[in-house]
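Participant: Using the hints, position chain D against chain E.
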Amino acid sequence: MSTRAVQFKIYRYDPDRDEAPYMQDIEVDLEPQDVKLLDALVRLKAKDDSLSFRRSCREGVCGSDAMNVNGTNVLACLTDVDSLQQPIVLRPLPGLPVIRDLIVDMTQFFKQYHSIKPYLINDEPAPERERLQTPEEREELNGLYECILCACCSTACPSFWWNPDKFVGPSGLLNAYRFIADTRDRAAGERLDNLEDPYRLFRCHTIMSCVHVCPKSLNPTRAIGKIKDLMVRRAI
Amino acid sequence: MNVAKRTFDAVIVGAGGAGLRAALQLSEAGLKTAVLSKVFPTRSHTVAAQGGVAASLGNTTEDHWHWHMYDTVKGSDWLGDQDSIEFMVRKANEVVIELEHYGMPFDRTDAGKIYQRPFGGHSMNYGKAPVMRSCAAADRTGHAMLHALYQRNVRAHAQFFVEWMALDLLRDAMGNVLGVTALELETGEVSIFHAKATVFATGGAGRIFYSSTNAFTNTGDGLGMAARAGIPLEDMEFWQFHPTGVAGAGVLITEGVRGEGGILRNASGERFMERYAPNLKDLASRDVVSRSMVTEINEGRGCGPHKDHVMLDITHLSPEVIMKRLPGIREISIRFAGVDPIQAPIPVVPTAHYQMGGIPTNFKGQVIAPKDGDPCVPVTGFYAAGECACASVHGANRLGTNSLLDLLVFGKSAGESVVADFRSGDLSLKPLPADAAERSLARLARLGKQSEGYAVADVRLTMQRTMQKHAGVFRFSELLKEGVDEIMKVAEAAKSTFINDKSRVWNTARQDALELDNQIEVARATMVSAEARKESRGAHVRDDAPDTPEHPNGRDDQNWLKHTLWFSAENHLEYKPVHLKPMSDDVEPIALAKRTY
Numbered sequence: 001m002s003t004r005a006v007q008f009k010i011y012r013y014d015p016d017r018d019e020a021p022y023m024q025d026i027e028v029d030l031e032p033q034d035v036k037l038l039d040a041l042v043r044l045k046a047k048d049d050s051l052s053f054r055r056s057c058r059e060g061v062c063g064s065d066a067m068n069v070n071g072t073n074v075l076a077c078l079t080d081v082d083s084l085q086q087p088i089v090l091r092p093l094p095g096l097p098v099i100r101d102l103i104v105d106m107t108q109f110f111k112q113y114h115s116i117k118p119y120l121i122n123d124e125p126a127p128e129r130e131r132l133q134t135p136e137e138r139e140e141l142n143g144l145y146e147c148i149l150c151a152c153c154s155t156a157c158p159s160f161w162w163n164p165d166k167f168v169g170p171s172g173l174l175n176a177y178r179f180i181a182d183t184r185d186r187a188a189g190e191r192l193d194n195l196e197d198p199y200r201l202f203r204c205h206t207i208m209s210c211v212h213v214c215p216k217s218l219n220p221t222r223a224i225g226k227i228k229d230l231m232v233r234r235a236i
Numbered sequence: 237m238n239v240a241k242r243t244f245d246a247v248i249v250g251a252g253g254a255g256l257r258a259a260l261q262l263s264e265a266g267l268k269t270a271v272l273s274k275v276f277p278t279r280s281h282t283v284a285a286q287g288g289v290a291a292s293l294g295n296t297t298e299d300h301w302h303w304h305m306y307d308t309v310k311g312s313d314w315l316g317d318q319d320s321i322e323f324m325v326r327k328a329n330e331v332v333i334e335l336e337h338y339g340m341p342f343d344r345t346d347a348g349k350i351y352q353r354p355f356g357g358h359s360m361n362y363g364k365a366p367v368m369r370s371c372a373a374a375d376r377t378g379h380a381m382l383h384a385l386y387q388r389n390v391r392a393h394a395q396f397f398v399e400w401m402a403l404d405l406l407r408d409a410m411g412n413v414l415g416v417t418a419l420e421l422e423t424g425e426v427s428i429f430h431a432k433a434t435v436f437a438t439g440g441a442g443r444i445f446y447s448s449t450n451a452f453t454n455t456g457d458g459l460g461m462a463a464r465a466g467i468p469l470e471d472m473e474f475w476q477f478h479p480t481g482v483a484g485a486g487v488l489i490t491e492g493v494r495g496e497g498g499i500l501r502n503a504s505g506e507r508f509m510e511r512y513a514p515n516l517k518d519l520a521s522r523d524v525v526s527r528s529m530v531t532e533i534n535e536g537r538g539c540g541p542h543k544d545h546v547m548l549d550i551t552h553l554s555p556e557v558i559m560k561r562l563p564g565i566r567e568i569s570i571r572f573a574g575v576d577p578i579q580a581p582i583p584v585v586p587t588a589h590y591q592m593g594g595i596p597t598n599f600k601g602q603v604i605a606p607k608d609g610d611p612c613v614p615v616t617g618f619y620a621a622g623e624c625a626c627a628s629v630h631g632a633n634r635l636g637t638n639s640l641l642d643l644l645v646f647g648k649s650a651g652e653s654v655v656a657d658f659r660s661g662d663l664s665l666k667p668l669p670a671d672a673a674e675r676s677l678a679r680l681a682r683l684g685k686q687s688e689g690y691a692v693a694d695v696r697l698t699m700q701r702t703m704q705k706h707a708g709v710f711r712f713s714e715l716l717k718e719g720v721d722e723i724m725k726v727a728e729a730a731k732s733t734f735i736n737d738k739s740r741v742w743n744t745a746r747q748d749a750l751e752l753d754n755q756i757e758v759a760r761a762t763m764v765s766a767e768a769r770k771e772s773r774g775a776h777v778r779d780d781a782p783d784t785p786e787h788p789n790g791r792d793d794q795n796w797l798k799h800t801l802w803f804s805a806e807n808h809l810e811y812k813p814v815h816l817k818p819m820s821d822d823v824e825p826i827a828l829a830k831r832t833y
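Sequences listed follow chains E and D, in order.
With our numbering, letter number 51 in the first sequence gets 51, and the count goes up by one each step, no holes.
Count along the second sequence starting at 1, add 236, and that's the number in our numbering.
Okay, chain E solo, but in the shape it has when bound (with noise of 0.2 Å):
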């Protein structure tokens, strides 16, 4: 890669200052180096300090910088910029408060999260040694113990939107089955019995575009379905 010009068309809002968010217009001159998108925002903040966004580990781990870049959720620093067309549009997460240019108000994705009482259950005496779980067992927690709650997922899904508020959304749900998944978990109808609900997991209308989206090529639609699965099965 070389040097280049590329072009941005960023959302910015300064609650401190402006009246209105408004788009922002702006070109920067990239380094070989620079090569996904934070390292293009790193660039344009040491020319305008003024840009906020949130990042920190820089290799798709933490889940600080989920933002939607030209109509898309992505991690701004697992996103090669020259993949990007331009101008390249940068926005906050969608359906969340907006505290200040790409910064948004997390409070109710982690509501959600919470929730789901996000901790494994199990009152029995613990064990002197480890809890044994079987290979097999253990393997039907991936794909879900894996989430970042970077939020890519909840805040693409129209239901979320739409009820934030009262549907768990994607990323609370695979979260909720990872623990009903989890063979030392004891909670696994008390859980269920959480979800039973016309909103909390049944407002998922296998969209899917959560999985879309997901950072870590994750499924929720799918871990909601095995949800959706077990509450059937307990009610025949």
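FYI, nobody ran anything at the bench for these hints, they're computed from the structure.
Among these hints, one or two may not hold up.
[Said to hold, decoys possible] Covered stretches of chain E (chain D as the covering partner; in silico rule of three or more C-beta atoms under 8 Å from a C-beta of chain D):
(1) 110-121
(2) 146-157
(3) 223-232
All values reported here derive from a predicted model rather than from experimental measurement.
In this text, a Cβ means the ideal position worked out from N, Cα and C, and glycines have one as well.
Facilitator: Below, chain D alone, put in the same frame as chain E:
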């Protein structure tokens, strides 16, 4: 500016592995605890740890904590305190089993136990052969651990202050620690967190280097705050360069890749580690492997058009093993190196990774400082754990998987110490001086007013380039001397940084500037401590202290078997003895010897 006051039994700064582990201890004991974090807890850098956590569970191969202790002391090049090391390795099984009970999704053996893999520098029978000691969840151990710890804290109803950045440590005239000032990022408001106990778990500062595996947020905030408040920093010359960062990108490739059978090769395809470490080869200690790689590159045997990296080869492993045990690595390699490691080797280069030094503590997690001739007097009300602390278990070089163990063991012990000191009545809410928030407010006022000077990004880049050039994998007497002068110039420039963004709301420019203040403390400590240590030991290897019969590996135990203490105010150094005696009589001290692998 109006400063709100909040009062707690304890305030924990940092919600990575160490902070979350300490928080559990305090929440479960019923202490009113505030946990401050500048990022949402699961975004902390513990999340990026890959290969595993050490514990001599012996699930696959025979193991014993004596062997783990020997490996850790040897790995530390005898600079680690043997009482702390004994404490840590003996607690390992307990804290790992606890974590499993919290729900951590460890991989499993066929017998259903926690899966363990070999790792660099870990051996059975005092160095005889590799041992399977690293407890792993695929190559996402840190992610699985951090989420399990956060989840357990949700269950314990811990009180988090998410996206609050601590600014300064508060002490009274007697030196007692009273809490911290902190900035709420969303509103820009400053609060005082007044507490009987303050626990620092702020992580490392690897971002003082240009090329680092660390997250952007690893800016040494706890070290900066402690140093400004007069607490010395210990052994800051010792920085680990991880052998396998992706060339160019710096992203970490776990040593677990070599644990699973990966091999380092030079331009001619040679497995060069056989020459440097005939016994453990690619699984020698990290400092040894990094230096071997740089030697290969310096002698013209590097790979690529610029001969500036070597190759990590796992093409001989079955795709099933790679998909099952190293799925994250495959993803990183494809995304950041453009290479599928099933088909082709990964270009790698040593990259700044971990700080062995930090805020001095004992194995109880109490911060200690010299007082009246005793180098190890606890600072009332102050505790630290994890990478920001120096217990000292890693000495001059840390073994892989001992960092996740460190944060579990010392996070827990710091928490236990707070609870014990609280219950014994040793902790009380001491009065706040009227000007407690003065230092923080002055720093913010300067940034608010200053309209010209140096751009934060420019000063930071100069610091990172300076550290990379003058305090890298190999160190040179002349470069170290120049480095001290250079870094002092950078520190001067950092006093007149300016930001254009003057907004109160989520001002990341201001945050960058405040973080730079902390990074500068760490950079000064590192450079001054490194220049002064006139021997080679562990990760600190200098040209004027070569391997001789009199000083094997360049190590000089006669003059330098001691810990460095750097003090910010006068930029001066003191030294204190290494604890060569273990904690108990259950084990003999590990006698000094030359390190070979």
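Participant: Next step is simple, just say for each hint if it's right about the structure.
Facilitator: Structure-based check of each hint:
no.	hint	result
1	110-121	holds (count 6)
2	146-157	holds (count 3)
3	223-232	violated (count 0)
Taken one by one, the earlier hints fail for this structure only at number 3.
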